[in-house]
Amino acid sequence: MQLTRRDALMMGAGAVAATLIPAGAPRAAPTLDEAIAAFTGGATPGEGGVTITAPEIAENGNTVPIEVDAPGASSIMLLADGNPNPAVCTFHFGPLAGAQMAATRIRLARTQNVLAVARLADGSYGIARREVKVTIGGCGG
Amino acid sequence: MSSIKPRVKVPKSASAGEVITIKTLINHQMESGQRKDSSGNVIPRKIINRFACTFNGQEVISVDIDPAVSANPYFEFQAKIPEAGEFVFTWVDDDGTVYEERKEIAIG
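Those protein sequence lines, which keep their order, are chains V and F. The first sequence stops at residue 141 when you use this note's numbering, and every number in between is there. The second sequence stops at residue 249 when you use this note's numbering, and every number in between is there.
Hints in this document: simulated from the structure, not taken from any laboratory. Glycine included, C-beta positions come from ideal geometry on N, C-alpha and C. Certain hints may be false.
Derived SDA-like pairs (lysine to any residue); straight-line CA-CA distance at most 25 Å [to be verified]: (1) F/K164 <-> V/P71; (2) F/K164 <-> V/E67; (3) F/K221 <-> V/T90; (4) F/K187 <-> V/I136; (5) F/K164 <-> V/E56; (6) F/K177 <-> V/E59; (7) F/K150 <-> V/P65; (8) F/K177 <-> V/R105; (9) F/K244 <-> V/G98; (10) F/K164 <-> V/P55; (11) F/K187 <-> V/D81; (12) F/K153 <-> V/A103; (13) F/K150 <-> V/P71; (14) V/K133 <-> F/E217; (15) V/K133 <-> F/N213; (16) F/K187 <-> V/T90; (17) F/K164 <-> V/T51; (18) F/K164 <-> F/P152; (19) F/K187 <-> V/T63; (20) F/K177 <-> V/Q112; (21) F/K177 <-> V/P84; (22) F/K221 <-> V/S75; (23) F/K221 <-> V/E67; (24) F/K150 <-> V/T90; (25) V/K133 <-> F/E172; (26) F/K164 <-> V/I52; (27) F/K187 <-> V/R105; (28) V/K133 <-> F/R176; (29) F/K244 <-> V/A99; (30) F/K146 <-> V/T63; (31) F/K164 <-> V/T90; (32) F/K187 <-> V/R110; (33) F/K153 <-> V/A99; (34) F/K150 <-> V/G94; (35) F/K187 <-> V/A109; (36) F/K221 <-> V/S74; (37) F/K187 <-> V/P84.
What the simulated footprint calls covered on chain F by chain V, stretch by stretch (three residues with Cβ under 8 Å from a Cβ of chain V suffice, anywhere in the stretch; the number is not a length) [said to hold, decoys possible]: (38) 197-209; (39) 212-219.
Next up, chain F with everything else stripped away, as it sits in the complex (with noise of 0.2 Å):
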């Protein structure tokens, strides 16, 4: 499989209290354990389980995602900037690996 990449566009900079728009991306195949493989045993499952975003240690949003996520799960959301500071992205996959990105916003 190829490397997995998580992508987010986030603005570089918002004014205080400012409610922004958040869009993240990350590939990944989603395997949703119903799929057979052409002899006709079950591909077993490997889904991306959980995203979360906080904001310097404050939560977001956080997403328990199940197989009927779309591959290269998609996620749009609306965020409050209280303070310039860096968005925490992580994802959780089905074999345990965590999957984080970092953005940082300033105020102005």
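Bound conformation, chain V alone (with noise of 0.2 Å):
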């Protein structure tokens, strides 16, 4: 193949190009596979090891009660697939955890589910995913 000076200009805008692409894009919030990919390094959340507490309706989407308890973890993140955001929080449980549980409030944007993975006390980490109805959304739109 022959390089023309077309291709090679075309070449030197399409690196330029490329390069300011990722640069200018506003940096968008993870989506809830990289949120929990980020939390487990990667690994595959096995069912189960974690339960999650949580009204079947919320009736106002602003604070909506949820518990989790994953006995033995040593941390557990909450997600919730429908928000702008999926993060919610993450638990670290210490040394003087009486229980590996916690109990908060969220906000929902809407119907969707809330999502807990945990890891486990053997280093593998665990999922529960919970259904929450919300008649009213929690995002102030």
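Relying on the hints, combine the two individually framed chains into one complex.
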């Protein structure tokens, strides 16, 4: 293949565009899979090992009570797959944690799945899902 | 904004080795950074991004918080009490402010 002047210019323009586009694009929130992979270090979590307690129907998405419980876990990440940013919060349990459980109140933009990923005692990861129906969304829209 | 005041519920005493339930709340608007004001400008994010609880310097629980946690973030968890001592609770604001609350617990 012979490299013409036109080819060389096109390649140059392409290279410039390639470097510009990722830098110029707004930094999007990570997707659900990316958020889980960042927590597990790429490992695929197995089902179970963690329990989510949540209402089946939430009247008000601004404050939905959620409880997670994963016996022996060192940390639990809570996610909501229908929110603009799926991450909700991550609990880390220290040596004086009485039980590997925690309860909080979260915002849900619409009806969606709440997920909990736990780093279990043996180093593997467990995941649980629970659908919560939301009557009024919680993102101030 | 009204002054930010943490509230913590810890029993006054416990027996050694007992597991107790702790409830914490701090009044904070937890502005998510997703909302817009009346002229269409995004209201900048301002949340409590971290909460931690220690007992006599040992970690009980810490939480990395994202904007999906409700306003006036509430946490309930359990702690093991090996001896008499003091709980220290800290909340870290996006603006760098750290709110702190301490609670003592006796054995008996």
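Straight-line alpha-carbon gap F/K177 to V/R105, limit 25 Å: holds, 23 Å
Hinted pair F/K187 and V/T63, Cα distance within 25 Å: holds, 18 Å
25 Å limit on alpha-carbon distance, applied to hinted pair F/K153 and V/A99: With a Cα-Cα distance of about 20 Å, the restraint between F/K153 and V/A99 holds, given a limit of 25 Å.
Agreement of F/K164 and V/E56 with the hint, judged by alpha carbon distance not exceeding 25 Å: holds, 23 Å
Holds or violated: F/K244 to V/G98, with C-alpha atoms at most 25 Å apart: holds, 17 Å
Restraint status (C-alpha distance of F/K177 to V/E59 at most 25 Å): Holds, because 23 Å separates the two Cα atoms, which is no more than 25 Å.
Pairwise hint evaluation, V/I52 against F/K164, where the allowed Cα distance is 25 Å at most: Roughly 19 Å between the alpha carbons, so the hint for F/K164 and V/I52 holds.
25 Å limit on alpha-carbon distance, applied to hinted pair F/K187 and V/R110: holds, 22 Å
Pair hint F/K164 and V/P55, alpha-carbon separation not exceeding 25 Å: Roughly 20 Å between the alpha carbons, so the hint for F/K164 and V/P55 holds.
Satisfaction of hint between V/S74 and F/K221, Cα-Cα up to 25 Å: holds, 15 Å
Given pair status - V/P65, F/K150, alpha carbons within 25 Å: holds, 18 Å
Holds or violated: F/K244 to V/A99, with C-alpha atoms at most 25 Å apart: At roughly 20 Å apart (the allowed maximum being 25 Å), V/A99 and F/K244 satisfy the hint.
Violated hints for the displayed structure: none, as all numbered hints are satisfied.
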